[in-house]
Amino acid sequence: MSDAAIEVESLSRTFKVRGAEVVALRNVDLRVGRGEIVGLLGSNGAGKTTLTKILATLLLPSGGAARVFGHDVTKDLREVRRMIGVVLGGDRGLYSKLSGRDNLRFFGMLAGVGRRRLAERLDAELDRVGLTEVADRAVETYSKGMRQRLHLAIGMINEPPLLLLDEPTVGLDPVEAERLRCDIATLRDGGTSVLLTSHYLLDIERLADRVVILADGEAAADVDVAEFAKLAGYTAIVTIRGMARPPELDSHQSQFTVIDLNETGGLWTLRLRVRDWSVGSFGSLGSMLDGVDILGIDVAPLRLEDVYSHVAAQLAAHGPTGDGEVRP
Amino acid sequence: MNDRLRAATGAFLTAARTEQRTMHGNPLVLINGGFLPVALLVISVETQPLTPGRAAEIVVSVMLTALWAATIWTSGGVLRRERTYGTLARCVCGVESPTIILFGKSFGATLYGVGMTLATTLATVLLLGLPIDVAHPLWIAVGLLVVVVSATALGAMLACLFLLSQYGVIWSGALMYPVFVLGGLLLPPSVLPIWLRWVPQLLSLHWINEFLAGAIDGRLSLAPLAIAVLLTIAYGVLAWLTFRWSIDQARRKGTLDYA
Numbered sequence: 052m053s054d055a056a057i058e059v060e061s062l063s064r065t066f067k068v069r070g071a072e073v074v075a076l077r078n079v080d081l082r083v084g085r086g087e088i089v090g091l092l093g094s095n096g097a098g099k100t101t102l103t104k105i106l107a108t109l110l111l112p113s114g115g116a117a118r119v120f121g122h123d124v125t126k127d128l129r130e131v132r133r134m135i136g137v138v139l140g141g142d143r144g145l146y147s148k149l150s151g152r153d154n155l156r157f158f159g160m161l162a163g164v165g166r167r168r169l170a171e172r173l174d175a176e177l178d179r180v181g182l183t184e185v186a187d188r189a190v191e192t193y194s195k196g197m198r199q200r201l202h203l204a205i206g207m208i209n210e211p212p213l214l215l216l217d218e219p220t221v222g223l224d225p226v227e228a229e230r231l232r233c234d235i236a237t238l239r240d241g242g243t244s245v246l247l248t249s250h251y252l253l254d255i256e257r258l259a260d261r262v263v264i265l266a267d268g269e270a271a272a273d274v275d276v277a278e279f280a281k282l283a284g285y286t287a288i289v290t291i292r293g294m295a296r297p298p299e300l301d302s303h304q305s306q307f308t309v310i311d312l313n314e315t316g317g318l319w320t321l322r323l324r325v326r327d328w329s330v331g332s333f334g335s336l337g338s339m340l341d342g343v344d345i346l347g348i349d350v351a352p353l354r355l356e357d358v359y360s361h362v363a364a365q366l367a368a369h370g371p372t373g374d375g376e377v378r379p
Numbered sequence: 119m120n121d122r123l124r125a126a127t128g129a130f131l132t133a134a135r136t137e138q139r140t141m142h143g144n145p146l147v148l149i150n151g152g153f154l155p156v157a158l159l160v161i162s163v164e165t166q167p168l169t170p171g172r173a174a175e176i177v178v179s180v181m182l183t184a185l186w187a188a189t190i191w192t193s194g195g196v197l198r199r200e201r202t203y204g205t206l207a208r209c210v211c212g213v214e215s216p217t218i219i220l221f222g223k224s225f226g227a228t229l230y231g232v233g234m235t236l237a238t239t240l241a242t243v244l245l246l247g248l249p250i251d252v253a254h255p256l257w258i259a260v261g262l263l264v265v266v267v268s269a270t271a272l273g274a275m276l277a278c279l280f281l282l283s284q285y286g287v288i289w290s291g292a293l294m295y296p297v298f299v300l301g302g303l304l305l306p307p308s309v310l311p312i313w314l315r316w317v318p319q320l321l322s323l324h325w326i327n328e329f330l331a332g333a334i335d336g337r338l339s340l341a342p343l344a345i346a347v348l349l350t351i352a353y354g355v356l357a358w359l360t361f362r363w364s365i366d367q368a369r370r371k372g373t374l375d376y377a
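Going down the list, the sequences are from chains A and B. If you're matching positions, the first sequence starts at 52 in this note's numbering and goes up one per residue. If you're matching positions, the second sequence starts at 119 in this note's numbering and goes up one per residue.
If we strip away everything but chain A, and leave its shape as in the complex, we get:
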């Protein structure tokens, strides 16, 4: 079996929309190692769902190659389908009149789990996602979070070594979303490889080892989560509110960059980016604000969401470089 869970080489896909060719994926390269969780980011229409569908054997590529544990997704359908579990966000994709257990049984059978094995797996999987108590209730009575956990159980019923997760926490309240993240983290600990598509940067931050950004159908960035944070070029945002005269930045305080300064009725708000936030930054900030009337200071550490906004703005301005790098 191949070393990589997913290998994608020069993958392309075009669609015909009202006679015109629309490029959804353009020469995308991607590799997901065994036991690795890779976050797939991108704005709407960037090609994330197209890539997930090709890997799930739902869609044929127009060019290039995609392999799951060495099996070609266009030829070795049965082998690929045995190796993957697919989990999607949303309310659909379940038989609402049937119980959670019956849904799981049916989809387990579709995933090729034998009858005897399925009998054992049903209880184990329902227990793992915390649905044992409600397993015999009709799915139409389930909350959104319970449905999503059932989707996860369906994706894992055949114990696949690779899980494709598309927006798994969409629409969930914070408690349910956190619970689902814990479930997914447990899978990683068990050695399952995961390709995680999400708009929620918190999902990526909590779960992913690596981030791939798709933009206009191209892989615009492919970096470790730690490296990804550096793409923004700063580590924190400081917001200072004061009155009368705002401070002036001198050349010694080059670690601060002004984002904006708003003044209204004698009050002002200054927002600064801090290149490398440390305890020493308080000293620099203190000397900068000496003699200034301060009403309050907030220091917000960098979030992946900020990084992504920064990268997305760069991509919108300059487009992908085509070599998997993002301009700083």
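For the record, the hints were derived by calculation from the structure and aren't laboratory data. Any given hint could turn out to be false.
Claimed, not checked - Derived CB-CB ranges, DEER-like:
{"id": "1", "chain 1": "B", "residue 1": "Leu310", "chain 2": "A", "residue 2": "Gly222", "range": "55 to 63 Å"}
{"id": "2", "chain 1": "A", "residue 1": "Asp80", "chain 2": "B", "residue 2": "Leu320", "range": "23 to 31 Å"}
{"id": "3", "chain 1": "B", "residue 1": "Leu348", "chain 2": "A", "residue 2": "Ser94", "range": "23 to 31 Å"}
{"id": "4", "chain 1": "A", "residue 1": "Val74", "chain 2": "B", "residue 2": "Arg362", "range": "24 to 32 Å"}
{"id": "5", "chain 1": "B", "residue 1": "Leu148", "chain 2": "A", "residue 2": "Ser147", "range": "15 to 23 Å"}
{"id": "6", "chain 1": "B", "residue 1": "Thr373", "chain 2": "A", "residue 2": "Ser94", "range": "21 to 29 Å"}
{"id": "7", "chain 1": "B", "residue 1": "Asn120", "chain 2": "A", "residue 2": "Ala364", "range": "33 to 41 Å"}
{"id": "8", "chain 1": "B", "residue 1": "Gln367", "chain 2": "A", "residue 2": "Glu130", "range": "39 to 47 Å"}
{"id": "9", "chain 1": "B", "residue 1": "Tyr295", "chain 2": "A", "residue 2": "Ser147", "range": "40 to 48 Å"}
{"id": "10", "chain 1": "A", "residue 1": "Thr308", "chain 2": "B", "residue 2": "Thr373", "range": "31 to 39 Å"}
Said to hold, decoys possible - Here are the simulated DSS-like pairs of lysine-lysine, each with C-alpha atoms no more than 27 Å apart in a straight line:
{"id": "11", "chain 1": "B", "residue 1": "Lys371", "chain 2": "A", "residue 2": "Lys67"}
{"id": "12", "chain 1": "A", "residue 1": "Lys126", "chain 2": "A", "residue 2": "Lys195"}
{"id": "13", "chain 1": "B", "residue 1": "Lys371", "chain 2": "A", "residue 2": "Lys126"}
Glycine is no exception: its CB is placed at the ideal position from the N, C-alpha and C atoms.
Got chain A; can you put chain B on it based on the hints?
Chain B in isolation, oriented as in the chain A frame:
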């Protein structure tokens, strides 16, 4: 039985059972399998004097008419319903053959429809005290078995054809009454214009109708049964080809969605 065959059988039966469970309380089944045979039988027997042979003809025709209505809305709609639930992609992209799942689901829906139609028809016959003597009960059982298999194949074929069109529901409604009239179930084909008499020949239910009526009143002939079986095989092959083609097209065009 080898592992592959055992898995395929398990998949077929699980698909059938799942479909039956989703059908519980479906109003279309209740109307077509429950209400329709009762209404048609009551109306038919009130309007004419009945000999045992004529009563048998009416009962079989009514039962098959109700079955056609149930088939077109239940097994004929299995794929359309999967699309509505957002489960179609999982059904056709699982490890098990999608064709087995389709036929399993169609079989489950047909059994549900046949069961309800048969039960209400029998109950109505008993309540009305219709004079029916069954000459060949064993052949009746064989005929009913062919009814189930044929309606399964017919339903699967319709499900595939309806899936190709975005107007599947409209097609279901539009096809129901022409088959009632032209299918030789309610009206004898002899009353149809000559240029329309070929239509009933293409419908397996018409031939099963002829066979069952003969098995009840003693005029047994196996030729209609053989033609019904051949038509059933043709429906099955057409369903298989259409289904494979539509999945292939959907994977090329990207119209298969998980949800």
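**Report entry** Indices of hints not satisfied (ascending)
**Finding:** 2, 3, 7, 8, 9, 10, 12
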